[in-house]
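Asks: Please build the complete structure, drawing on both the sequences and the hints.
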Amino acid sequence: MAVELLIVPCLADNYAYVVHEAATDTTTVIDVPEAPPVLKALTERGWKANLILITHHHADHIEGVQALAAATGAKVVGAAADAHRLPALDQEVRPGEMLPIGMEKVEVMDAPGHTVGHIAYYFPDAGLLFSGDSLMSWGCGRLFEGSAAQMHDTLTRFAELPDETLVCSGHEYTEANGRFALSIEPDNPNLLARMEEVRAARSQMRPTLPVELGLEKATNPFLRGGDPAMRRALGLADDASPLAVFTEARARKDRF
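Our numbering runs 1 ahead of the 1-based position in the sequence shown.
I should point out that these hints are in silico values taken from the structure, not numbers from a laboratory.
Small disclaimer: the values here were computed from a predicted structure and weren't measured.
Note that CB positions come from ideal geometry on N, CA and C, so glycine has one too.
Treat the hints with care, as some may be off.
Derived pair list, reagent style DSS-like, types lysine-lysine, alpha-carbon separation capped at 25 Å [stated by the list, open to error]:
| no. | residue 1 | residue 2 |
| --- | --- | --- |
| 1 | Lys76 | Lys106 |
| 2 | Lys76 | Lys41 |
| 3 | Lys106 | Lys49 |
| 4 | Lys76 | Lys49 |
| 5 | Lys254 | Lys218 |
Restraint ranges, calculated between C-beta atoms of paired labels, are given here [as the list claims (entries may be wrong)]:
| no. | residue 1 | residue 2 | range |
| --- | --- | --- | --- |
| 6 | Arg158 | Ala238 | 22 to 32 Å |
| 7 | Glu45 | Arg158 | 31 to 41 Å |
| 8 | Ala230 | Glu146 | 23 to 33 Å |
| 9 | Met206 | Ser184 | 20 to 30 Å |
Replies: Structure representation (structure tokens):
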């Protein structure tokens, strides 16, 4: 599916995403940390937002939703389970539902861990995964409400998507997450190469997102629970389960 993806920096380190499908002139915004930068980006391109998709209830993802909806007439979509703590929803969705957007059928994916009501949106034709604060570039979200088991299950399901899927997460945390990954495996050539690319991008103030899922599977410590090298680097037994590996890595990241 031919779509244009626009990344809109917001607040200190958040991103809003805009997906425009030219064939149907459909414009979808995923999370709105603040409205003015998104409105500016839409106006510059002559696009009008039709839908706003919300991944989770945290303020730095929804503060601009009501203002953007009021300015554009966009319909607001979010998790039915979290409707009580989201901006007013025009459509409540549940994990497993397919959401028609333009010519695309978007899958609503359950993504608990960071929060218990977190959802993600997968555009299979376009190859885009909007993961909010669940799977993040070179990391994963902090476990504010959910458990390690929930987040591990979320990431495991994401890892089953095609490697060429582009992961669009909610923050510019890649360099910081990479520093943590390198604290575990300081001599890993894949990590060192990725960090070089990340630092080059950030030195020019370029986003490090989106990122291919295949790269995440190769370098993200939270997706490498079955990798013997990761078990060894964390000092775990050879028979440690992927969940145990994830849990240890997440605990270390919390202290990092």
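Asks: List, from low to high, the hint numbers that the structure doesn't satisfy.
Replies: The structure conflicts with no hint, since it agrees with every one listed earlier.
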